Amino acid sequence: MMRTIEQRMTELNCVFERRFTARLLADLTDDVAAAYQKSPLGPHDYNTVRVVRALGGAHIHDKEVVISLGDNGPWGIGRIALGKPGNLARLSETFTSYEDALRGVFSIRRQAFLARSGSPGEAGPSGEVGATP
Amino acid sequence: MINHPQKIFGYSDRFAARPGEALSFHVSCEFVANYQASLVRLRHGYTGEAGPGFLETAVPADFEGTYRGAWFVCQPGSYVEVPDEFGLLAAPDDFLIEAHIFPTLPLGTRSGHFGAYHVTQNSFGESSGMQAVLGNWCEATKSGYALVLDQGKPTFIWNDGVTTEKLSLDAAVEAYQWYTLRVRIATSEGKVHLEQVPVVNIMNRLAALKTASATQSASAAISGRWITSEAPFRIGALARRDGYRWLAASAFNGKIGGITIWRGVSESAQDVVAAWHFGRSVRADGLLLGDVVDRSPNKLHGHCHNTPTRGVASHRFAGLVEDFRLVPDEYDAIHFHDDDITDAEWPAAFTFTIPEALPAGVYAAKLTSEDAEYYIPFFVRAGQKKAEIAVLFSTATYLAYANDRIPFEANGAEVIVSHTPIIDRTDLTLQDHPEFGRSCYEIHNDGSGVVFGSLRRPILTLQPKHRAWFQAEGVWGLPADLCIVHWLETIELGFDPITDEDLDREGFELLRDYKVVITGSHPEYVTRNEIAAIDQFCSSGGRLMYLGGNGFFATVSFDPELRSLMELRRSDGGTRPHQSPFGDRRHTTSGESAGLWRNKGLPPQRLVGVGFAAQGFDSCTYFQRLEDSHNPMARFVFEGIGADEQIGGFGIMGGGAAGAEVDCYQPVLGTPPQTLLLATSGPLSDAYLLAAEEVYESIQGIGGTEQPGVRADIVLCPLDGGGAFFSVGSIAYTASLSHNKYDNNVSRMTGNVLRRFLQSEALDVVL
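Taken in sequence, the protein lines are chains G and F. Residue numbers are given in our numbering: position 74 of the first sequence equals residue 74, and the series is strictly consecutive. Residue numbers are given in our numbering: position 544 of the second sequence equals residue 544, and the series is strictly consecutive.
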């Protein structure tokens with residue numbers, strides 16, 4: 001039976017994803033994590049930039065964003081979730097600076113990536129509060 | 001008990017009015033029984049403690065009072081409605097209907113990566129499974145008839161007097177393929193026949209020999225006992241009743257054109273009932289605006305609603321001429337979208353005639369209830385008495401960014417701004433209201449780019465307290481320009497506001513009497529008339545202070561018959577969020593070709609000395625003085641500022657005056673030779689990438705640490721006749737004005753320039 005365009009594209013995406021994951025796994029070192037934690041808005045070295053871009057370029061579904069909760073903070077983290085109020089599912093933790101919220105996002109992504117790829121990771125904020133502010 | 005959040009939304013019919021002129025305000029409420037309306041003068045927008053905070057002043061107004069809160073539907077979906085006074089289209093007895101279609105979302109869902117930001121998700125949800133080509137079918141009363149796509153299958157739907165009947169073809173149409181659809185309703189023979197014929201066309205996705213599309217047909221019996229519909233006849237959507245309004249329903253995604261309806265079954269005895277030609281204009285200038293021409297003797301002319309895209313390549317497009325005015329037959333098509341919304345058509349809640357005594361400025365109708373607040377900003381223009389200073393508010397750019405939803409739909413949103421988006425709470429409210437439509441940076445439900453912006457719908461990004469997601473603490477658009485407003489208030493200099501559409505319409509005459517014109521922080525989109533007006537102003541002794549970045553960059557047009565409507569098509573070159581398809585790149589409201597002014601002979605460097613160089617949104621930096629800053633002619637600029645003092649290493653946006661989107665001195669693109677290069681930005685990171693229009697082929701190393709062209713430059717240029725311009729080349733600049741309660745070197749330098757520009761002596765006269 002003739003394969004569909006969708007099947008072929010999926011196959012190509014899987015090939016790329018394997019290579020991409022292997023590369024990111026190699027790049028996502030403790031030094032990179034430390035560099036991001038030190039300065040979430042950069043400037044970053046080449047390797048850290050590649051890691052931050054790789055994690056930040058993920059599919060928008062369920063992706064973390066920072067939410068400003070007041071005129072001068074605090075800031076929270078939410079996940080893009082179509083169908084929820086505001087299309088956002090908020091996590092419970094709040095932060096006193098947006099830099100700290102960015103650090104929180106990075107930790108979540110790092111942990112999730114390492115878990116997906118079978119490597120141990122750090123704990124990060126993950127408790128969902130559901131309703132948006 | 002569910003505690004529903006109160007919400008108030010609204011819009012005005014236009015951005016600006018002069019004393020004696022009236023604006024109307026249109027309001028819809030959710031769970032609000034009554035709301036209070038009042039007039040406020042907007043003085044400062046940004047609410048954070050890094051600036052002076054949100055500032056407004058109440059102003060008495062005759063509309064002030066309590067109003068009943070009512071909810072109104074805002075219904076997207078564009079269509080052509082055809083008034084049919086004599087009921088010629090009411091029943092399809094012995095009709096032969098022919099239409100050409102180019103469906104772009106026949107099955108209601110899309111997949112893929114769209115545009116520069118890699119949009120992959122649609123926060124609007126799936127589109128309707130039924131998309132109307134034409135007809136007057138009313139679903140509620142099961143009356144009338146229509147030619148539709150039903151789950152992608154061409155279908156004729158009618159009521160035979162008892163039940164709803166459908167005649168569908170077996171297979172769904174392919175997306176991005178032209179078809180001819182024909183329905184022959186032979187009432188006298190008791191038969192309806194439907195056929196679909198693929199059309200060979202240059203714009204089809206697949207070449208003719210490689211497509212699976214084939215001619216299909218089907219027939220069914222018909223009784224001819226029509227149940228006449230009360231719904232209007234429409235092309236591109238059907239109608240559903242909501243009170244006194246007929247809203248859009250089952251809206252089409254894709255192009256429709258080449259429509260003719262004949263009456264008479266035999267080929268030899270057919271009369272044309274209607275023959276709409278979407279490429280023909282009713283205007284002498286050939287522009288394709290709201291009116292649609294019927295070339296039949298019945299003159300069943302139609303009118304567009306919610307601004308479907310005209311001037312698009314039709315099934316006859318040959319691919320040799322791209323101007324719809326020159327080859328109208330090749331442009332006999334309209335691209336409809338089910339998420340087009342350019343007029344919510346809410347009734348006016350109140351109107352406001354600008355009193356003669358009301359000073360010019362930035363105002364808002366403030367609407368409040370117990371738990372809700374909404375501002376409808378507008379501009380009061382000068383009356384007879386004018387100030388010496390005019391501020392050009394970038395209303396075209398406001399409309400381009402209006403209701404930006406990118407961080408909820410695009411994989412690449414984070415990559416382009418180099419950090420995780422920081423969402424404003426207002427953005428969540430916007431997500432709950434997809435019906436308020438999209439910005440011109442976004443992708444329609446069918447994957448095509450949005451090319452119209454309109455004021456006549458709630459625009460949440462226009463709220464004066466809104467912060468944009470792409471820069472930490474980002475003031476953008478009106479909130480950023482309110483930084484200029486409050487700075488002028490602080491230094492006790494009055495101004496008259498000017499909007500883009502006013503300057504486009506009135507040209508140089510609007511500027512003639514001012515000594516100084518100050519731009520907003522991001523005048524990205526302007527019209528040809530605006531560029532000409534500013535050029536003439538500076539050539540005639542006027543002084544321009546360009547206090548922004550990425551200004552005078554790309555082409556927009558305003559609808560000459562509907563000034564609240566702005567058009568912004570995208571070309572296939574340079575920095576752009578998406579691009580209009582080949583053949584569809586000419587503005588139907590002006591005849592302008594889409595694209596960057598630098599690619600159309602009018603680079604911003606010629607006008608203001610600097611032009612777009614780079615963008616990056618991680619952090620901003622300071623300016624450092626250069627050799628020309630010590631030129632005696634420039635001494636006034638730096639009075640009170642040290643010879644080696646860094647300028648603007650602070651600010652609301654990213655901590656510096658230089659950043660976000662930046663412009664550089666570029667003689668090769670027209671910076672006048674006598675221009676003084678006063679200062680350049682401090683180091684910008686590799687998050688700042690050289691503008692795409694400077695990168696002819698993909699190369700590595702286009703970031704700020706490797707490319708000398710990634711920078712913001714401050715320039716001063718004296719002009720013959722006493723005119724001059726001062727340009728800062730940075731969007732972040734105005735967000736530094738208020739630092740340390742305005743006691744800082746950005747405020748000082750800007751004030752030095754403004755005060756000197758107000759003096760009539762030429763700049764080469766050292767005072």
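Please keep in mind that the hints were generated in silico from the structure rather than gathered at the bench. Any given hint could turn out to be false.
What the hints assert, rightly or not - Here are the computed lysine to aspartate or glutamate pairs in the DMTMM-like style, where the Cα-Cα straight-line distance is at most 25 Å: (1) K84(G) x E435(F); (2) K465(F) x D71(G); (3) K465(F) x E99(G); (4) K465(F) x E11(G); (5) K84(G) x D432(F); (6) K84(G) x D371(F); (7) K210(F) x E6(G); (8) K142(F) x E81(F); (9) K741(F) x E6(G); (10) K210(F) x E99(G); (11) K84(G) x E126(F).
Said to hold, decoys possible - Taking beta-carbon pairs under 10 Å as the criterion, some of the chain G residues facing chain F (in silico): (12) L12; (13) V15; (14) F16; (15) V32; (16) R53; (17) K63; (18) L82; (19) Y98; (20) A112; (21) L114.
Computed from a predicted model, the values in this text were never measured in an experiment. Yeah, the Cβ is synthetic: ideal placement off N, Cα and C, and Gly gets one too.
For each hint given before, does the structure comply? Return the numbers of the non-compliant ones in rising order.
4, 9, 10, 12, 13, 14, 15, 20 and 21
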